[in-house]
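Visitor: Top to bottom, those sequences are chains A and B.
Using our numbering, the first residue of the first sequence is number 205, and each one after it goes up by one.
Using our numbering, the first residue of the second sequence is number 205, and each one after it goes up by one.
Any given hint could be a false lead.
To be verified - With a cut-off of at most 16 angstroms between alpha-carbon atoms, the simulated EDC-like pairs for lysine to aspartate or glutamate come out as follows:
#1 267(B) <-> 280(A)
#2 215(A) <-> 280(A)
#3 267(B) <-> 358(A)
#4 267(A) <-> 384(B)
#5 239(B) <-> 320(B)
Calculated from the structure, these hints are not laboratory results.
Number of protein chains: 2
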Amino acid sequence: MASLLFDNFNKYSFITADEFVQIEQVLIKRFVKKKKNLLHEGDICRYLYFVEKGALRSYTIDKQGNEHVMQLAIEDYWIADLSSFITQTPGNLAIEVIEDCEVLLLPHPALEQLYDTIPSLGTFFRKLYQRAYVHLQARLHSSQSISAEERYLELMKQHPKISSRIPLIYIASYLGITAESLSRIRKHIHSKA
Amino acid sequence: MASLLFDNFNKYSFITADEFVQIEQVLIKRFVKKKKNLLHEGDICRYLYFVEKGALRSYTIDKQGNEHVMQLAIEDYWIADLSSFITQTPGNLAIEVIEDCEVLLLPHPALEQLYDTIPSLGTFFRKLYQRAYVHLQARLHSSQSISAEERYLELMKQHPKISSRIPLIYIASYLGITAESLSRIRKHIHSKA
DNA sequence: TAGTTTTGTTCATCTAAATCACAAAATTTA
DNA sequence: TAAATTTTGTGATTTAGATGAACAAAACTA
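Produce the complete structure using the sequences and hints provided.
Guide: Here it is as structure tokens:
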């Protein structure tokens with residue numbers, strides 16, 4: 205039972221090996237190439253995506269057509285348009301592959317059924333939604349209270365793997381600044397380090 | 205059955221008069237004066253607050269001691285530190301009364317029990333959490349993609365009662381700008397209108 | 001291996017909003 | 001009702017970050 209996903213479940217809940225076998229039966233494994241979209245704006249998000257390998261981003265598109273990264277994900281992360289997934293109505297996030305990926309798809313109806321047989325799975329996803337909410341609130345807070353440089357340092361500290369692997373443009377977009385600004389910030393940090 | 209709360213429930217779910225009587229039995233009515241806090245930073249949020257009269261704000265405090273308004277609420281709004289309420293662990297929001305209030309307190313343990321007897325209440329609050337999440341995401345998106353003036357106009361359009369009743373400082377803080385900037389924005393809007 | 005696309009860096013200029021400082025209203029409190 | 005306090009409005013100045021225009025370095029791709 206050496207599985208990234210099994211360990212992921214057991215970080216925030218308790219899933220037995222038997223239960224995990226049940227979950228595995230509904231999972232769909234998909235290999236997706238760079239630049240491909242797992243989800244388009246306006247789609248209903250029918251799966252939660254668990255990243256086994258690679259890197260992805262979710263983003264929104266504003267009226268001027270500019271993209272804004274909402275989430276970055278690498279191995280051991282979940283990604284989805286949560287609000288669309290929960291309500292099963294069209295959402296406004298798109299999900300694109302940054303680095304060739306291996307993802308596990310957990311379909312919405314299957315998950316609903318599993319909740320009945322595996323109560324701790326409900327706990328797990330309730331906590332996951334919970335963390336997503338708290339994280340969103342923290343991002344809004346820091347976008348209002350600290351500078352772009354501080355936000356970048358914070359991200360580096362909390363997700364060092366992300367900041368070293370994901371192209372600067374996406375990190376800049378996640379932080380709500382331009383690529384040029386982030387480039388200057390990096391320069392500034394190195395100059396004083 | 206002329207009740208603001210009853211109507212509020214029936215906007216997003218379906219609650220019968222009988223069910224509402226059950227809910228009413230666990231509600232605690234409280235009259236709170238301006239400047240008083242319903243919740244302090246670090247408290248566990250033990251209630252969902254429904255506003256029957258008055259105005260409130262929830263806010264976070266950053267390292268420099270500056271307050272940032274997270275939510276504004278007037279009659280017919282729910283307010284709480286949702287993440288603290290759901291997990292029943294200490295949160296980082298404070299809730300303060302802006303205008304003398306009449307609020308209804310819905311205690312966490314009582315709500316958990318009511319979920320068993322009134323399934324549509326679960327639906328109602330699931331949708332409420334859902335809207336809170338989507339709203340938070342929209343705020344982050346617009347704080348990154350549109351100007352403070354546009355955000356203000358948007359707020360005025362969607363919540364005209366809030367923008368006319370709540371003091372400018374709190375609206376500015378909600379929008380993530382200073383009071384001076386919002387004052388200038390208002391001047392600018394009036395000058396061209 | 002050459003050519004093309006993607007990614008990162010730098011510079012000069014511009015702008016939205018912050019900051020500081022103070023005056024005028026408006027509200028509270030005494 | 002006067003005094004005190006809070007809230008709002010203006011002006012001058014500063015600043016963080018955007019914009020636009022190059023260009024270099026990687027990274028693909030043919």
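Visitor: Please go over all the hints and tell whether each is borne out by the structure.
Guide: Verification of the supplied hints:
no. : hint              : result
1   : 267(B) <-> 280(A) : violated (31 angstroms)
2   : 215(A) <-> 280(A) : holds (11 angstroms)
3   : 267(B) <-> 358(A) : holds (14 angstroms)
4   : 267(A) <-> 384(B) : violated (28 angstroms)
5   : 239(B) <-> 320(B) : violated (37 angstroms)
In this structure, the hints that do not hold are numbers 1, 4, 5, in rising order.
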